[in-house]
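**Student:** Sequences listed follow chains L and R, in order. Going by the numbering used here, the first sequence opens with residue 1, and the numbers climb by one from there. Going by the numbering used here, the second sequence opens with residue 1, and the numbers climb by one from there.
Since the hints were derived computationally from the structure, they do not count as laboratory data. Any given hint could be a false lead.
As the list claims (entries may be wrong) - Each pair of labels, with its calculated beta carbon distance range:
id : chain 1 : residue 1 : chain 2 : residue 2 : range
1  : R       : V473      : L       : Q67       : 40 to 46 angstroms
2  : R       : N383      : L       : Q67       : 58 to 64 angstroms
3  : R       : R91       : L       : V18       : 52 to 58 angstroms
Treat the numbers as computed from the prediction; the structure is a model and nothing was measured. Ideal Cβ positions, reconstructed from N, Cα and C, are used throughout, including at glycine.
Chain by chain, the residues:
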Amino acid sequence: MSVVLETKGLTKSFGGLVAVDDVSFQLQKGELLALIGPNGAGKSTCFNMLMGQLPPTAGDVYLMGEQITGLKPRQIWRKGVGRTFQITATYSSMTVVENVQMALLSHHKDIFRYAPRAHKMYHAEAIALLEKVGMAEQAERHCAVLAYGDLKRMELAIALAHDPALLLMDEPTAGMAPKERVALMQLTADIVEDQQVSVLFTEHDMDVVFAHAHRIMVLNRGALIAEGDAGEIRNNPLVQEVYLGGGTLFAEEDTHA
Amino acid sequence: MEFFVAQILTGLANASSLFLVACGLSLIFGVTRIVNFAHGSLYMLGAYIGYSLMQVLPGGVGFWGSIILAGVAVGIIGVLIEMLVLRPVYRAPELFQLVATFGVILVIQDLTLIIWGPEDLLGPRAPGLRGVFRIMGEPIPKYDIVLLVITPFVALGLWYLITQTRLGVLVRAATQDREMVGALGVNQVWLFTGVFALGSALAGLGGALQLPKGGADLLMDFNILAPVFVVVVIGGMGSLPGAYLAAIIISVLNVFGVTYLPQSTLVLMFIVMIVVLMIRPYGLFGREEVAGEHGQVGEPEDPIKPASSRARLIIALGIAALAFLPLYGSSFSQVLATDVMIFCLFAASLHFLLGLGGLVSFGHAAYYGGGAYVAALLVTHLNSSMEIAFMLAPIGAGLAALAIGWVCLRLTGVYFAMLTLAFAQLLWSLVFQWGDVTGGDDGLVNIWPSDWLNETTVYFYFTMLFAIGGILVLRHIAHSPFGYALRAARDSKRQAETMGIDTHKVQLLAFGFAGLMGGLAGALFVFSKGSVFPNELEIARSFDALIVVFLGGVKTLAGGVVGAGFFKGIEETLTRFEYWRLVMGLLIIGVVILAPNGIVGSLRKFVRRLRGVSEGEGA
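Construct the entire structure; sequences and hints are all you get.
**Tutor:** What follows is the structure, given as structure tokens:
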């Protein structure tokens, strides 16, 4: 197995507040790794540092051995990282297939071409991607009229367009109905299996996490407190404390009161 | 030293009415998000109404009473405007309302002309305040001192209203989050009306208050507009202390400018604004705006498609009909068609930026007028041939656009728009005040095309080639990967950046390209008229293009050209009548209310409804 993503001592502080504290982990090829933790644990900050939206205060990020700390999101994307957003970000004036075509146009470095007709370019490839996520029959629909679950699937197709080695998914099932959640994560798991792509995702729904993640990391107050498979995490006393209110969360509230 | 103090005092006195007007604009924008272009007109009305009241009401009480009554009267006019014109269009895409306020400007201009006549009115002196005070030996008009003393109290009163009263709480809450205020059960409709009335009253007050200093004339509306916008932007949209401070900075600077650098007065204000925005992108006391508020608002745009074969046929027929115009049309109709085509190209170049890019430029005349001046300067000073000048003009305009775009693209939303306006004004003031080179107000004349082109029909075909060619190129690029990337950057910058698209580069190139095409239109213009004057760079010219793009339909590919053709045609017909502005203004307001998606957008909706296709399915 080879390491796809690695962080070493990743830290982010905002003034006096340490949002992410010395986080180090490795993600293997073909692995579906979940990053969980209560609200405010530092998951999003962590994600934003991985994707280049936030510069870390300390520590480094390595993608397949290459240091990518401080690169811009678009440079990180070019190195083979795809991502989906917690709140979907789509091109609302385009059709579903055009949304996917945009990613392909960018991947093939065709953005600064002025002569060809964009809607004909990489159309078949885009349809093939949409097929993978089960959206092919909706390809020509205006994406502004899609149901939320369909938007999420379209976003997944976009994220897969440049055949990434790594997929970062920030709360992929947020805002979805329980049935849709399971379907989307099953789809993701199948793609991981099929293409040997690695996935790091954050998630609030524990059913989704325990059902699909190969490995789980738990973040609390910026620091990694546990790591392991579903069974290990479920039985970890520290995690139970954090999630079931054994102490820390309530203690925190007490100090605020 | 004495002189210095006197200068500062004069500056502070001048800041008074500027502050009041700017405050009104800031309040209205903060709560309703409407960029009220008609604010200068309300200021003008305040002056005229105040003047008339002072003729009737005698003495000191009459004088001050008239000023207050003028404020009240303009407040009531504001209520009427808000209820009749703006209420029907609050749901329209953002910035569409500013088109409506532009219609109001035209209507008020002609109504003022009808009621008060074309002569400038000399403001009456304030009773008991005719002379001067000697301060450190320097004479300062008594009225200036009174203004200087009153203004902080007015500012304090407003501050109290905004920070200490229930109305103020609502206003501040609405400035931050309109939806939430609505959700908390506040009647937004009346809050908007109330704020619009208050803002209008302040503008009217400002107009009446400056009567003894400046009187009343028909150019006041546009003349105050630029400084007021500058003040509001420097201070930070929606901030009263900011407006006060900025009004003082601008006024004092202006007084010193007049004394020490008289050539620079017009430029100075905009340079200050550019510097402030470079350092503090949201003004001195402004807050960052919520991103994406201005580009794509309201319903998302339909996906674009290449023209259907039927549409192509119609376009081809239209071009053919135009091509045969010299066979059946008069020489005048060819001149008219030439003007319309040039304007269509100008509007299409702005539409490219505004529609596809979501980049609302308030200063697009910089490239149109800029192109015209590049050509005219080359011919005048370098004796260059028409052909060379014609080729270099768009390139010059495009390079200017790249430079200006590079600076402006650091900002977003209304601040971006204001910065583009500032650069256009900068260019205008340069041309206006650098008479030795640019001819100043007298313009540059004798810029005729080469002999082979110097004939109406030939130039008509020449224009047709370049204008329609330019429009088709713009349209073609809209369908190219670059055009798609431009829309992608508008729809979701975040997604575009995450999928490897350098959105800044895309937008910058689009800016340069729109400038290039605007410059081409300007070059066509200057050789068709044989001369160019600074008004081709004015705010009004930028607005012309802006208005027709909105009226044609921002969210449709054909909107710019259709709007330009339609309104330029009407304007050319109407200007023969005395009160054409009134008719034009009412027409604009009518289109805004009846066709909130623009002409093309609303027609498309109508056709779709006829066919019974559900919305958004993009059949």
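**Student:** All hints are to be evaluated individually against the structure, with a verdict given for each.
**Tutor:** How the hints compare with the structure:
Take R/V473 and L/Q67: their Cβ atoms lie about 44 angstroms apart, and the range 40 to 46 angstroms holds. Between R/N383 and L/Q67 the beta carbon distance is about 59 angstroms. The supplied range of 58 to 64 angstroms therefore holds. Here the CB-CB span from R/R91 to L/V18 is close to 46 angstroms, at odds with the stated 52 to 58 angstroms.
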